[in-house]
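Enquirer: Using the sequences plus the hints, can you model the full thing?
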Amino acid sequence: MGMTLRTSDEQTEALRRQAAAEGRSMQAVALAAIDEYIARRTHKAMVADALQRVVREEAGVLERLRDA
1 MGMTLRTSDE QTEALRRQAA AEGRSMQAVA LAAIDEYIAR RTHKAMVADA
51 LQRVVREEAG VLERLRDA
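For what it's worth, full-length UniProt numbering labels the leading residue of the sequence shown as 1, then goes sequentially.
Warning: the hint list may mix true and false statements.
Claimed, not checked - Distance windows between CB atoms, simulated:
1. 58 with 33: 28 to 38 angstroms
2. 21 with 66: 45 to 55 angstroms
3. 45 with 5: 20 to 30 angstroms
Think of the hints as simulated: they come from the structure by calculation, not from any bench. Since we're looking at a predicted model, the values are computed, not measured. In this text, a Cβ means the ideal position worked out from N, Cα and C, and glycines have one as well.
Expert: So this is what it looks like as structure tokens:
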């Protein structure tokens with residue numbers, strides 16, 4: 001599925017420079033950036049979920065540690 005992405009002149013120029021520095025197309029650099037963004041957000045959500053689970057499941061231990 002395709003889409004149109006509108007960028008500012010500054011963003012376009014920065015993307016052009018980065019793509020040239022890497023010897024890649026602007027599209028390849030933009031797609032890599034999107035993939036990295038999604039991976040970071042997914043990982044961050046998983047970590048937050050795991051933390052909430054640990055806090056919930058280990059509330060007693062955490063309370064004892066707080067009081068120690």
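Enquirer: Run every hint past the structure and note whether it holds.
Expert: A quick look at each hint next to the structure:
no.: 1; hint: 58 with 33: 28 to 38 angstroms; verdict: holds (37 angstroms)
no.: 2; hint: 21 with 66: 45 to 55 angstroms; verdict: holds (50 angstroms)
no.: 3; hint: 45 with 5: 20 to 30 angstroms; verdict: holds (24 angstroms)
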